[in-house]
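**Student:** Given only the sequences and the hints, what does the whole structure look like? Please build it.
First to last, the protein sequences are chains A and B.
Heads up, the first sequence stops at 125 in my numbering, and the numbers go up one at a time, no gaps.
Heads up, the second sequence stops at 125 in my numbering, and the numbers go up one at a time, no gaps.
Careful: at least some of the hints might be erroneous.
[Stated by the list, open to error] Below, a list of computed lysine-lysine pairs in the BS3-like style, where the Cα atoms sit at most 30 Å apart: (1) 87(A) with 44(A); (2) 41(A) with 87(B); (3) 41(B) with 87(B); (4) 41(A) with 86(A); (5) 89(A) with 44(B); (6) 87(A) with 41(B); (7) 41(A) with 89(A); (8) 87(B) with 44(A); (9) 41(A) with 89(B); (10) 44(A) with 44(B); (11) 41(B) with 89(B).
Simulated from the structure, these hints should not be mistaken for laboratory data.
There are 2 protein chains.
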Amino acid sequence: MSNAEALLPILEPEAPAAVAPCCPPLTERPLTAEEAAGTAKMFKALGDPVRLRLFSLVASHEGGEACVCDISDVGVSQPTVSHHLKKLKEAGLLTSERRGTWVYYRVEPSVLAAMGRLLTSATGA
Amino acid sequence: MSNAEALLPILEPEAPAAVAPCCPPLTERPLTAEEAAGTAKMFKALGDPVRLRLFSLVASHEGGEACVCDISDVGVSQPTVSHHLKKLKEAGLLTSERRGTWVYYRVEPSVLAAMGRLLTSATGA
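**Tutor:** This is how it looks when you write it as C-alpha cells:
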C-alpha cells in the first residue's frame, strides 16, 4: 500500500437500518406478530404529517440526502425538524452521516422498496 | 325487464374511501402539507402492530374480505378487533358491508396501490 493510500480516509459502511425491512405483500399472507411489530414501527414513524413531509423532503432532495440546513419550510423549528429526523432514523427509514457541522440524512432505499412491496397487491393490481 | 331481474337484489356501489389516496412517489417531490395530512392518517392506522396484523389478515383472506368472525388468532378480544377494523375503515384503508349478522371488511385495492406507489422509488430502485 502506498503512503497516499494509507492517508485516504477510510469510509465505514453505513450502519444497517435499525429495523430490517421484511415481509411479503400484505395480500399474500397475514403477518406474524413479530413481523407486524417491526413493520408497524415504520408506518408509525410516517404516521405524523410533519414527519411524513420531512421524509418526502429528504427522499426527493437532490442527491437523495438532506440536512436540517436544507429544510426550512415545514412550519416547525429546526430543533423540531432534528427531533423528527431522529425518530425517522430510529425507525430505520433514514440513515445519517455527520459531515462537519451538519448531519446529513438519506433515505434507506432498501427499506423504501420493502415497504412499497408490502403494500403491493399480490395480484399486481 | 323480466320479473326475475326485477327481484334481483340491487347491489349498491361501495362507499368511496374516507380519504382519497394521493400523491406521486415520495422520492419525486416533497408532499404538500395537505397531502401529508391525509396520507399520514393512513400510515398512522397501520402504525399499530395489532391493526397491521388485522389489515394483513383481511388483505390476504380468501376472496379479499373478512369479517370479525374470520379473525380469532391475534390475541385480542372480538370487540377490540371490531374497534381496530373501524379505525382502519375511518382511515380509508378498508370498506365494509353488512351481510346478515356480520360486517365484512375488504381492502380498498386503489388505496393499497396508491400507498405502494408512494413508497416506490421514482428511479424504480
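**Student:** If a hint holds in the structure, say so; if it doesn't, say that too.
**Tutor:** Going down the list of hints, with the structure as the test:
1. 87(A) with 44(A): holds (10 Å)
2. 41(A) with 87(B): holds (17 Å)
3. 41(B) with 87(B): holds (10 Å)
4. 41(A) with 86(A): Distance of about 14 Å is within 30 Å: holds.
5. 89(A) with 44(B): The hint holds at about 17 Å.
6. 87(A) with 41(B): Cα-Cα ~17 Å, so holds.
7. 41(A) with 89(A): Roughly 11 Å separates the two Cα atoms, so the pair holds.
8. 87(B) with 44(A): Holds, at roughly 14 Å.
9. 41(A) with 89(B): It holds: about 20 Å lies between the C-alpha atoms, which stays within 30 Å.
10. 44(A) with 44(B): Roughly 5 Å separates the two Cα atoms, so the pair holds.
11. 41(B) with 89(B): Holds, at roughly 11 Å.
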